[in-house]
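Take a look at the letters that make up each chain.
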Amino acid sequence: MAFYRPARWQQTAALVVLAALLALPSLLDVLDQSYYIGFATRVLIFALAASSLNLVLGFGGMVSLGHAAFFGVGAYVAAICQQAGLGEGLLVLPLAMAVAGLFALAVGAVSLRTRGVYFIMITLAFAQMTYYLFVSASLWGGEDGLPVYERLRLGGISLAGDAALFFVVLGALTVTMLLFSRLAQARFGRTIQAIRENETRMEALGYPVLRYRLACFAIGGAVAGLAGALLANLSGLASPNLLQWTQSGTLLVMVIIGGVGYLWGGVVGAVVLLLLEEILLAWFAHWHIVLGLLLLAVVLFAPKGVAALFGRRDD
Amino acid sequence: MTQLFLEQALNGLQFGLMLFLLAAGLTLVFGIMDCINLAHGSLYMVGAYFVAAAAQAADSFWLGLGAGVAGTALLGLLLELSLFRQLYRRDHLAQVLATFALILIANESVRLIWGPAPLLLNPPESLAGPVEIAGFFYPAYRLVIIACGLVVAGLLYLLVAKSRIGMWVRAGAANREMTEALGINVRALFTAVFVFGAGLCALAGGLLGPLLAVQVGMGESVLILAFVVIIIGGIGSIRGALVGALIVGTVDTLGRALLPTLLRATLPADAAATLGPALASILIYLLMAGILFFKPQGLFPARA
Chain C
1 MAFYRPARWQ QTAALVVLAA LLALPSLLDV LDQSYYIGFA TRVLIFALAA
51 SSLNLVLGFG GMVSLGHAAF FGVGAYVAAI CQQAGLGEGL LVLPLAMAVA
101 GLFALAVGAV SLRTRGVYFI MITLAFAQMT YYLFVSASLW GGEDGLPVYE
151 RLRLGGISLA GDAALFFVVL GALTVTMLLF SRLAQARFGR TIQAIRENET
201 RMEALGYPVL RYRLACFAIG GAVAGLAGAL LANLSGLASP NLLQWTQSGT
251 LLVMVIIGGV GYLWGGVVGA VVLLLLEEIL LAWFAHWHIV LGLLLLAVVL
301 FAPKGVAALF GRRDD
Chain P
1 MTQLFLEQAL NGLQFGLMLF LLAAGLTLVF GIMDCINLAH GSLYMVGAYF
51 VAAAAQAADS FWLGLGAGVA GTALLGLLLE LSLFRQLYRR DHLAQVLATF
101 ALILIANESV RLIWGPAPLL LNPPESLAGP VEIAGFFYPA YRLVIIACGL
151 VVAGLLYLLV AKSRIGMWVR AGAANREMTE ALGINVRALF TAVFVFGAGL
201 CALAGGLLGP LLAVQVGMGE SVLILAFVVI IIGGIGSIRG ALVGALIVGT
251 VDTLGRALLP TLLRATLPAD AAATLGPALA SILIYLLMAG ILFFKPQGLF
301 PARA
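In the order they appear, the protein sequences are chains C and P. Counting along the first sequence from 1, when you hit position 140 you're at 140 in the UniProt record's numbering, and nothing is skipped either side. Counting along the second sequence from 1, when you hit position 183 you're at 183 in the UniProt record's numbering, and nothing is skipped either side.
Okay, chain P solo, but in the shape it has when bound (with noise of 0.2 Å):
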């Protein structure tokens, strides 16, 4: 049991700091822009094939997932030179309905050049086996994932709290049109927010490849988690992304591993094998509901 419980911790833990990468970049489009990008999720997928496709291509996974994220950026820059620039004076209709044209298209494309089939992505030889911590063992592939995103949490954090591009960044997510009369430009600013949340994205996508099928459609279930991450942390709040993805992260995991354990153990079987699933996956969107019940703008609301 302690040792479940420990596994599946970690797992949260690992969860959650992936959930980090792909919520930061779109809670901060969402604060500074107040643009709905439902296309984050795509973002992602599209990542995840071209770091599979290079690290295919260069037979080594750390040089893939470099080119991978390299290639995401660019992809990034372009949609946002082209299209986000027009959305951003846009109401929220038009931001939902042009961002899911962009899934649909990247889905079908993604279909179109890589086929139906899940793409293999393998993790680096030397972390293909497990390791030994304090007398269990976990898998040395997940550990590496849980100290990237450690370390990009911890950069991104002293990226957005210490440095002065950090600074515009949280005063643009705190007040835009003053921002701007300060002479700062936020549309560049918002570029290069844009860009970096769409390497955050592949980054995320190329290292969870190994663990989850990489596979048309992948980006839409955990585009609606993210979602669900930035509104527990406040829409535009760095610190909120994190700490609601560390939540959301855990409690999904461990709600999903130990739930139907604790149901059998109270309930009659079969009544604890219908709830337990059904309540497990849904118990992420209870606690949305609660903590929106009590804190309406999430628990590190950006605009005070």
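So here's chain C without its partners, still in its complex pose (with noise of 0.2 Å):
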């Protein structure tokens, strides 16, 4: 069952992506292409907010339609928070989390007591109705969105350059992605996988189901507002956009290419959607055709995704 357990040369593999991307920066430096040290940082954020939906997905089996609201909710936090001076990293990043994770709390007590289509439609609606929120709000910005001039600082460091925030962004992926293969092998995750699997016999045996299904869509729900709030921090503006639906859409994309319930599905999906994204869109404006082809094609001929390809889902 532990479908999260990586295998050993996957833990080889990914130290070793992992000092390659250490030393990343320098190398971009040397290369005098210090433009894609900011689109690494934008993919390793994605990646970060696709693993937190992979969570939800994968792992908790729920099919949420509305996790870019908790994205957005943390980008406005960390934008809120700085425009008024507040610039500490280690304040708003972590008050960034805990105002998504409050709010997917929130949105997750009401929708969890649905199921199936209407979970998707609820959490759908969810998000759209905070889209609106924040395309109306004309206090922080309405439609134009709420810009960051000065970039966050961690413990009095300023994150100013794009490598100083680059190491940032990397440093919180590994630690969320430790923190999830923790979290899968202990025992919250057996038993939200298990939920997953039998519901009814979960509730049988004694098991909150609905208080173990919430704890996982808030656990989401908070990273995937840290991740907001990096980008935030990246972009310089938090943007209703990042609320809309279809924003949504693309992250469930990024985890279902990358591989549903697969502990890197969410990172290899992210790094294969935007690597595709700016190599297409280079020579073909309308690569967006292509890419639905692409997605028809995992979805009707390799149903697993990219992940399924290398690891082993031992079920």
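If you are wondering where the hints come from, they were derived from the structure by calculation, not from laboratory data. Every residue, glycine too, gets a C-beta built ideally from N, C-alpha and C. Check before you lean on any hint, since a few could be wrong.
[To be verified] Pulled a few chain C residues facing chain P out of the computed Cβ check, cut under 7 Å: (1) 63; (2) 121; (3) 132; (4) 137; (5) 139; (6) 198; (7) 292.
Make the complex out of the two chains shown on their own, each in a separate frame, by following the hints.
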């Protein structure tokens, strides 16, 4: 049942990739390609967001089409704090996680009482509601969004440099992935996976199914909020577009391309999708057609995603 | 005030009827085959583009409308036979992903073919002006939309509630296996329903085209509203779709028009200016949450 347990070679591979990523900023600097530091940071942030959705979707079995709401709320919390002059990351980032997590808790408390199609639709509706709230909130910039003029400091060290922000994002992703892999093997993780497989039986065994689901949903929301706060700092803007339901769709696409329920599914999906975008956009402006066809191919012919081609899911 | 109220109530009715055309097809696809179709909004967009392009080519709105509806129905047929048949057996996640892919393809194809600028669709010239009803003026074209919507809703009601095919459709929505066991070809029935739904999408898109801009992305916002409608009405129920559409149409239109005024009367000006538009835009979602709280299966559940 340990779907999330990484094989030894995967751990080694992860260490190698981590080492390579640590060297990336200096390498890009030498090659005079510092634009790509920002790009790499964006990929890692989306890897974080997609992994948080993977926790909810792959691991908890909840098909949420409103995950972008938590992502966007995190971005707005960071932007609002930083506009108010609160620039200490050790404060702002946990705050963004807390607000997004609490919001997810509230949304989950209502949505998780429904099943199947209704759950998908209600999470979607909540996300749209949040989107319209931010679009019409003139206090926070309305449709234009809220700019972030000065990036966070972390323990007094400014993240104004792209490399510094890159390392922080890399650190956040590494810690999150370590925690997720521990979580999956812990009692909580086994319980939530068992609930995904057979809810009725777990209910009969006396597990508080709703509470476990809710906890999983809220953790996913909190991590998405962290990703949002980091993205607001990277792009210098918290925009309502981050909350749009197509953004939730994109995150979902990343998870599914990468592989639902595989530890690295979200990361692989984010890397594949954003790299494809970067490459295809250069020679074909209408690359969404290619992406759409690719997605259809994944759904019809490789329903388990890219990670499934490498990892074994022993069930 | 009365004039504003009446005008907005008619606008709400008109919007609600158009939402019903969209929700009717969606709720049946949902209800019978348990299939989530996010691309329903794309059929609406493509339909509007087909109508606009055909109307420009034929230099006649009504000819264009007919051709556009037929073209979209044909597209629906192709989609159903090639893709959706394979999706019915799959889980909701696969359906969400595949139809999301269709949205990407549809939006980008439209942009590729017709460019990023909105397409112009003019209402028929004879209907361009306003008419006077009971002392106030209302655009003639909007009245025609209301009439069209009422006629289609009535025909749909007769078709679903009184005809043999309608009986099969309702039986399929209530219990698909049992219906199949009784010897009814649910697959063929579903193809027909899907094609019909696609045609209704194009009809709504074409009729609304002169009022709204025919542009990329027009399908997404309306899709969410159609979902809210069928959740309020109960998935799989045509009657629920009609009631839900009228509720959503009127509440949304009246809320946007009247709520800021009402708030200004009761709250300080700056609070009202912030709160008014925000509250108006989330009103229908609050309504949906409220209805689901008391009736988790919607107002008219198809599976009793």
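Going through the hints against the structure:
1. This hint holds: residue 63 of chain C has a C-beta 5 Å from the nearest C-beta of chain P, less than the 7 Å allowed.
2. Hint status for residue 121 of chain C: holds, given a least beta-carbon distance of 5 Å to chain P, under 7 Å.
3. Because the smallest distance between the Cβ of residue 132 of chain C and any Cβ of chain P comes to about 4 Å, under 7 Å, the interface hint for this residue holds.
4. Satisfaction of the interface hint for residue 137 of chain C is found here, the shortest Cβ-Cβ separation to chain P being roughly 6 Å, below the 7 Å cut-off.
5. Of the supplied interface hints, the one on residue 139 of chain C holds, with its beta-carbon coming within about 6 Å of a beta-carbon of chain P, less than 7 Å.
6. Here the hint on residue 198 of chain C is broken, as its CB sits about 16 Å from the closest CB of chain P, past 7 Å.
7. Against a cut-off of 7 Å between C-beta atoms, the interface hint on residue 292 of chain C holds, since the closest Cβ of chain P lies about 4 Å away.
Hint 6 from the earlier list is the only one contradicted by this structure; the remaining hints agree with it.
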